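Peer 1: One letter stands for each residue in the lines below.
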Amino acid sequence: MKGYILNRLLTLIPTLLIVATVGFLLIHLAPGDPVALMLGEEADLRDVELLTRQLGLDQPILVQLVRWYGRLFRGDLGYSLFLHRPVLTAIMDRLECTLLLTLYALLISVVLGVILGIIAAVKQNTTIDQAAMLVSLVGLSMPSFWLGLMLIWLLALGVRWFPSSGYVPLAEGVVANLRSLFLPSLTLGFIGAAPIARMVRSSMLEVLNLEYIRTARAKGLKERSVILSHAFRNALIPAVTMVGMTVGGLIAGAIIVETVFALPGVGRLVISSIARRDFPAIQGVLIFTATVFVVVNLVVDILYVYLDPRVKYL
Amino acid sequence: MRTKWRLVAILLVVAMILSTTSMAVVDAAPALPDIRGHPAETDIRYLAGLGVLHGHPDGTFQPNANLRRAEAVKIIIWARYGGDSEAKALVGTSPFTDVPGTHWASGLIALARNAGIVHGHGDGTFRPDDWVTYDQFAKMLVEATGLHPAPGLRWPDNYITVAQTAGILTAVRVPAFAPGRHATRGDAAIMAAHAVANVPHPISGFTLAWSAFGVGQPVGTPRFGGTLRVAIMGNPPMLDVMRTTATVTINSMWHAFEPLFTLDRNYDPIPHLVDTFTASPDNMVWTLNLRRGVRFHDGRTMTAEDVVASVNRFGRLTSWGRSLFEITTSLVARDRYTVVLTLREPTALVPRFLSSVQASIMPKDVIDEAGDAMLRRFIGTGPFRFVEFEPDRHIRFDRFVDYSARPGRPNGYGGNRTAFVDRILFIPVPDTAVRIAGVQTGEYHVGEWIAPDEYERLRVMPDIVTRIIRPSGWPTAVFNKREGMFTDVRMRQAFLAALDMEPIMKAAYGHPAFWRLCHGIMFREQALFHEAGRQWYNQNNPARARALLAEAGYRGQPVRWLTTMEYPAYYTISLVAKGQLERAGFVIDLQVVDWATLVARRANPALWDVFSTAFGVTWDPVLFLVLSPVWPGWYDNPRMRDLLAQIRRETDFTKRHELFGRVQALFWEDVPAIKFGDNFLLHIHRREVTGFAGMLANFFWNVWIDR
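Top to bottom, those sequences are chains A and B. The numbering of the first sequence is the numbering used here, which starts it at 1 and goes up by one. The numbering of the second sequence is the numbering used here, which starts it at 1 and goes up by one.
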């Protein structure tokens, strides 16, 4: 097991190297100039030239790539062009917001998805089943920015229970933090719940038709315990894979939700860095996100071992 | 600390009251013997003192006689503008069918009509010699004070209700006020005096007495304290005001940084950190005497050395600065508080150049440490000091307690500046709907750059004040004059001839309150505005375009037009124009890219023929980017260069205006770029935020939060 984990962690190195190189080349080969954006519309071409030189952006792309590798091996993600700070600091500043947002959203997704999925499976082919699946279909098809705006309209402007935008750090109070993240988490969580509900429903249906469930019922167990402790546990494995994939989806979804709700998170950093061609920031976030993805996948794989004793890694 | 501020507030109020009494110009008022003892006497004398009422040539006022509609308009214009210089410019125009250009009040009535104060009778007539009624006069006063008619009511109730609430009508002590009754001259004076002295403008909070005559005080007592939260579109790309020209940076950082000059309420330069200045008769040697004891945010005192260092950096790193330094021989500190600027070619524009926020004054060591690279510390002299920039969270400014305010009154961007709020947070909120929602719920006090589509919905909300920033800019398409087909002037003229501007502007900006058709490259509101070249704007003449294309030998090579969806108006304009151009025989290849790509490509003349952008307000013809050989598009016409050099040297307004007319005529004949029209911006703020000066750029000194 330890060997397996070590092995997986070692594969992280070539993965990141590929991500770094491909990412760097893609960003630099795409058209776009950060310098003109930094200087504003009324700067003339002499200003653009001077700043390009000062930032080293006039160097050949290979020279820039080698410099970027050099810094990367020293653990330095570079200095953002627009944010007045090192990229790593910028990411760390924003991590709390994005982590909490994804965490809350994940909780909502899992709870909502699992409940909907179980109910739909147990009440298969009834109106309840159809209703539950309709909700998840809506979740699958609805764009998150639209859902976000609707929630703002209903719960922030209508009844004024939650703020419409902005982020309150955890250090300034747990309740205030939860309030500021509730609407974005609900937006993100609702959309993440849909695939989980569908997966839970189908794997529950599969399990419910197996013989051991019939046996469990035959021996007179309560339906509740048949479903929760016998069927659900076994239906969980595909669902966990789904949850692992949902985390990836949530991080991607955070880009939009953070922009709509004006949250200072990593997602918004990605989108604004791309729009402004903040090369060091884009590259840094790319490396960072790739690392997170690989690690989350590893955690999910390890979780299997505990959920299903038949799974063994050597 | 609190008591200290209370003391400052009290002193301020006392100063305002004292200055009020000293500024009343009672001595110059006519004698008017026939008003003695009349109920309107005080009000008539008040208005006569301001110059609003003039009385009859025989020295009488005849307070019980009636008032003609043209005379009523004269009173209104004087009350609204503090004079009739704006109206004089319009003398000779015929605003209504029954007001010929020869009518003695043609200019006054035309101005009143342009300003929306009068609308005429619906049949195109004004009937200037009819007697004015109480309700008609009340309406004119309501419009002149900036109030709006009550929605949902019909004439005259919509105006009467508002006039009564504002106290304009209730000030008249006639028992039986009835709509349609002719107003007496005495009652008109009472109503007008009340409107001038007591009715605050709904946006600025200032009375006409204050804004037009500089007397009295803004209604409402300024209140210290609170955090002002301003929702803006995005993060500033850079904090160094001397290096970036980005509006987000300038509009936030200018709370902390101040230049030597700034702009008054007519957008003319006035001294700010400079106390007084003199120019030699030939305009070659400029001596700037600095204000003494002005403190930087780090506690040090500003001296001539700091000014020399700052202005030199401005001269190296900005395009405005380079324009000034091209003709500068030396800039030296003569003593601790005097700076001397010597030129090799005369110009009257020195205060104009040095009023740029990019020419802000910072301590010498901060400037030296940064050199031509980025500033590392942000220390200025402004009423607020820069505290921190947390990207996507806020840019924070706190009140600078040792701020050295300029004595006197506020005047435009200049004069006295007071930091009433403790703190300003500029919060980037990218989505316009979320900025609106935040202002509605009170999370933000101010929302900038609101989509015009929301205007009708927002203007009726009781908690929200809408502000149209007029003018704001002009959208344009710039030609590549270095390479490709548009090096031929006939091609550019053909492009211009094919365009019909109205559908273009309508599609791009929607609501008619946010755009207008205009050929002027200086706006209608600017003193240099000129009619020259008007005939070339908005030709909508595909036949002429075709003829010009044939003459230029155009054979359907695709026109590469760079545009972007990041600014939806630019995209819409290019799309509508494409249709019109193709009808005239052009082949248009719209290259829709993101803004970062557009600004990168346009620097390379091989990659494009036309690109979309927009220009803001340009303060002087010599500062037009689109006429510059070092800005994308590379316009290099010796005739234009010569005209601009002349205008830079010329100091006489009439001659400058005439020269600018030639610049504009050449612009439209030579077509370095297309001007599509004027567009306006929408800002909103909560009603409890008050003290706005109603200038083109938002600032939050002198602004307070009422509770």
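Read the hints as simulated data drawn from the structure, not as lab findings. Hints should not be assumed to be uniformly reliable.
To be verified - Heads up, incomplete: computed chain A residues facing chain B, CB under 8 Å, no partners named:
1. GLU42
2. ASP47
3. PRO86
4. ILE91
5. PRO143
6. GLY158
7. GLY173
These numbers come from a predicted model, not from an experiment. Note that the Cβ used here is the ideal one computed from N, Cα and C, for glycine as well.
Peer 1: Against this structure, judge whether each hint is valid.
Peer 2: A quick look at each hint next to the structure:
Because the smallest distance between the Cβ of GLU42 of chain A and any Cβ of chain B comes to about 4 Å, under 8 Å, the interface hint for this residue holds. This hint holds: ASP47 of chain A has a C-beta 7 Å from the nearest C-beta of chain B, less than the 8 Å allowed. Taken as an interface hint, PRO86 of chain A does not check out: its beta carbon lies about 13 Å from the nearest beta carbon of chain B, beyond 8 Å. Interface restraint check for ILE91 of chain A: the shortest CB-CB distance to chain B comes to about 11 Å, outside 8 Å, so the restraint is violated.
The interface hint given for PRO143 of chain A is violated, since its Cβ lies 13 Å from the closest Cβ of chain B, which is over the 8 Å cut-off. For GLY158 of chain A, the interface hint is violated, since its Cβ never comes within 8 Å of a Cβ in chain B; the closest pair sits about 10 Å apart. Residue-level restraint check for GLY173 of chain A is violated (minimum Cβ-Cβ distance to chain B is 16 Å; threshold 8 Å).
The structure does not agree with the numbered hints 3, 4, 5, 6, 7 stated previously, though it agrees with the rest.
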